[in-house]
Amino acid sequence: MGTLYNTAVTENRAEIDLDELVLKFRPIVSFRVRKALGGATPDWEDVADEIITQVIEKIRKREFRGDSSIGTFIYTITSRRIIDHIREKTKVLRHAPEPAPFPDPSETLESQERAARIAEAVKGLKPKFREVLHLYYYKELPREEVAKRLGIPPRRVSERVNYALKLIKKDLKR
Amino acid sequence: MKTCRYEGWIDGYLLGKLGEKETEAFERHYFECAPCFAKLAERNEIVGVLKRDRSVFVVEERPAIETKQAAWYDRTFAFFTPRQWAFAGAAAALLVAVLAITPLFRNAPPEFVLNGEETVRGSSLTLISPVIDIGSVPASFEWRALGADVEYQVSIFNGRLLWKTTTRDSRLTLPDDVKALMTAGQKYSWQVKAFSLQGTLIAVSSRVQFTINH
Chain Y
458 MGTLYNTAVT
468 ENRAEIDLDE
478 LVLKFRPIVS
488 FRVRKALGGA
498 TPDWEDVADE
508 IITQVIEKIR
518 KREFRGDSSI
528 GTFIYTITSR
538 RIIDHIREKT
548 KVLRHAPEPA
558 PFPDPSETLE
568 SQERAARIAE
578 AVKGLKPKFR
588 EVLHLYYYKE
598 LPREEVAKRL
608 GIPPRRVSER
618 VNYALKLIKK
628 DLKR
Chain G
2 MKTCRYEGWI
12 DGYLLGKLGE
22 KETEAFERHY
32 FECAPCFAKL
42 AERNEIVGVL
52 KRDRSVFVVE
62 ERPAIETKQA
72 AWYDRTFAFF
82 TPRQWAFAGA
92 AAALLVAVLA
102 ITPLFRNAPP
112 EFVLNGEETV
122 RGSSLTLISP
132 VIDIGSVPAS
142 FEWRALGADV
152 EYQVSIFNGR
162 LLWKTTTRDS
172 RLTLPDDVKA
182 LMTAGQKYSW
192 QVKAFSLQGT
202 LIAVSSRVQF
212 TINH
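So the protein sequences, as listed, match chains Y and G. Just remember that the working numbering sits 457 ahead of the position in the first sequence, which is counted from 1. Just remember that the working numbering sits 1 ahead of the position in the second sequence, which is counted from 1.
Keep in mind that the hints were calculated from the coordinates and are not lab data. Even glycine gets a Cβ: it sits at the ideal position worked out from N, Cα and C. It is possible that some hints are incorrect.
With beta-carbon atoms standing in for the labels, derived distance ranges [said to hold, decoys possible]:
#1 G:Arg-6 - Y:Glu-502: 48 to 56 Å
#2 G:Gly-90 - Y:Gln-569: 45 to 53 Å
#3 Y:Lys-627 - G:Leu-96: 47 to 55 Å
#4 Y:Arg-574 - G:Ala-98: 49 to 57 Å
#5 Y:Lys-585 - G:Gln-85: 37 to 45 Å
Derived lysine-lysine pairs resembling DSS-like cross-links, with alpha carbons at most 27 Å apart [said to hold, decoys possible]:
#6 G:Lys-40 - Y:Lys-585
#7 Y:Lys-627 - G:Lys-40
#8 G:Lys-40 - Y:Lys-481
#9 Y:Lys-583 - G:Lys-40
#10 Y:Lys-546 - Y:Lys-630
#11 Y:Lys-580 - G:Lys-52
#12 Y:Lys-626 - Y:Lys-492
#13 Y:Lys-623 - Y:Lys-596
#14 G:Lys-22 - Y:Lys-630
#15 G:Lys-18 - Y:Lys-546
#16 G:Lys-40 - Y:Lys-630
#17 Y:Lys-623 - Y:Lys-605
#18 Y:Lys-623 - G:Lys-52
#19 G:Lys-52 - Y:Lys-605
#20 G:Lys-40 - Y:Lys-623
Which residues of chain Y face chain G? A few of them, derived with a C-beta cut under 8 Å, are [claimed, not checked]:
#21 Val-579
#22 Lys-605
#23 Tyr-620
One chain only, chain Y, in its complex shape (with noise of 0.2 Å):
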């Protein structure tokens, strides 16, 4: 695999792959910003490909000191621009019209064939997981609350939802 980024040493003279790093934190970088802009914000994309070539210039300014973990260096990174972002969207907000909802861009082939998948999973469950599955999660409702409606201890409720995920995890293995 060819290599973009190379390696960058920081103050403290430990060497960083920056390939590697990439690989590893843009997955978590991307979750992160999505889950904070939503998935259907059509710029997510464009700010986790910032933040990530923020992180490599920071490293190669050797900013990065090794004070904390790398992880933490980049969360930061990653929510100051996002705080960033939030900030001039909402500036921008109050001069120009909501923009049209714009497809999820993540929503690749690849993904709809997996959400198909699981939705075919749940589907195949029995009904007394489908039904701790729709309270807790589709209706959002307390453990306790989901205990009380289907008249089981709490503690049965997330037995259910556990055992829900994992024969569904099953599934998407097969």
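Since the structure of chain Y is already known, use the hints to place chain G on it.
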């Protein structure tokens, strides 16, 4: 396998149920903990489908029944080998043939004959006259006809059978010699039974009492 203490926060984070500090702590954590992030990403995928698509919770019953029926069909046919099924089919066909032929060799069933006290349900026989006390010996007895091809048996009692006769009419004129047997102040009763021409009892009237007054 050691479980990370933040694992239990995944649902809370995805469903937005964590407080501000907890959210920040969890976000900071998954930037450092690869296993937690892997679990978070996987759970997010599942929860995303559960949140987006309500139809996953509704399963049409028909395919399930069909599947059940198909499973029953498969199980049944897997029970025997094809050769055993062929043998069972031949045995069943033989049994049906035997059951169909057997009645032809049976003795004819006995004819249904009613005794004098039994009646074929469906008809009733109503007596018209005499049904109340009368001043003199009655000249005739009358009842409601049941139709053509019916023979009536009329019986007159004075404690025991006094006289009995049959007729095709629904009216009977009492012969003089019977009249002579009947006296004033005596209690009598009469009854009519209807028979088909083949002798089957069709209907029986109630036994009606009358008294010949002085």
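How the hints compare with the structure:
1. Range check, Arg-6 (chain G) to Glu-502 (chain Y): about 32 Å between beta-carbon atoms, so the 48 to 56 Å window is missed.
2. Between Gly-90 (chain G) and Gln-569 (chain Y) the beta carbons are some 50 Å apart, a value that agrees with the proposed interval 45 to 53 Å.
3. At about 49 Å, the CB distance of Lys-627 (chain Y) to Leu-96 (chain G) agrees with the hint of 47 to 55 Å.
4. At roughly 55 Å, the beta carbons of Arg-574 (chain Y) and Ala-98 (chain G) sit within the given window of 49 to 57 Å.
5. Restraint check, Lys-585 (chain Y) to Gln-85 (chain G): a C-beta distance of roughly 39 Å satisfies the suggested window 37 to 45 Å.
6. The hinted pair formed by Lys-40 (chain G) and Lys-585 (chain Y) meets the criterion: a straight-line CA distance of about 24 Å does not exceed 27 Å.
7. Among the hinted pairs, Lys-627 (chain Y) with Lys-40 (chain G) is consistent with the structure: their alpha-carbon atoms are about 14 Å apart, no more than 27 Å.
8. With a C-alpha separation of about 15 Å, the suggested pairing of Lys-40 (chain G) with Lys-481 (chain Y) holds against the 27 Å cut-off.
9. With a C-alpha separation of about 24 Å, the suggested pair Lys-583 (chain Y) and Lys-40 (chain G) falls inside the 27 Å cut-off, and the hint holds.
10. Restraint check for Lys-546 (chain Y) and Lys-630 (chain Y): not satisfied, since their Cα atoms lie roughly 40 Å apart, outside the 27 Å limit.
11. Distance restraint check for Lys-580 (chain Y) and Lys-52 (chain G): the Cα-Cα separation of roughly 14 Å lies within the 27 Å cut-off, and the hinted pair is therefore satisfied.
12. Between the alpha carbons of Lys-626 (chain Y) and Lys-492 (chain Y) the distance comes to roughly 22 Å, so the proposed pair stays at or under 27 Å and holds.
13. Restraint check: the Cα-Cα separation between Lys-623 (chain Y) and Lys-596 (chain Y) comes to about 20 Å, which is no more than 27 Å; the hinted pair holds.
14. Proposed proximity of Lys-22 (chain G) and Lys-630 (chain Y) is contradicted: the alpha carbons are some 35 Å apart, above 27 Å.
15. Distance check on the hinted pair: Lys-18 (chain G) and Lys-546 (chain Y) sit about 25 Å apart at the alpha-carbon level, within 27 Å; holds.
16. A distance of roughly 15 Å separates the Cα atoms of Lys-40 (chain G) and Lys-630 (chain Y); the hinted pair therefore holds under the 27 Å criterion.
17. A distance of roughly 23 Å separates the Cα atoms of Lys-623 (chain Y) and Lys-605 (chain Y); the hinted pair therefore holds under the 27 Å criterion.
18. Our distance criterion of 27 Å between C-alpha atoms is met by Lys-623 (chain Y) and Lys-52 (chain G), whose separation comes to about 18 Å.
19. Under the criterion of a C-alpha separation no larger than 27 Å, the hint pairing Lys-52 (chain G) with Lys-605 (chain Y) is consistent with the structure, at around 22 Å.
20. Proximity of Lys-40 (chain G) to Lys-623 (chain Y) is assessed by CA-CA distance (about 12 Å); at most 27 Å being required, the pair is judged to hold.
21. At about 4 Å, the closest approach between the beta carbon of Val-579 (chain Y) and any beta carbon in chain G falls short of 8 Å, and the interface hint on this residue holds.
22. Interface restraint check for Lys-605 (chain Y): the shortest CB-CB distance to chain G comes to about 18 Å, outside 8 Å, so the restraint is violated.
23. Using the Cβ-Cβ criterion of 8 Å, the hint placing Tyr-620 (chain Y) at the interface with chain G is not satisfied: the shortest such distance is roughly 13 Å.
The structure fails to meet hints 1, 10, 14, 22 and 23 from the earlier list, while all remaining hints are met.
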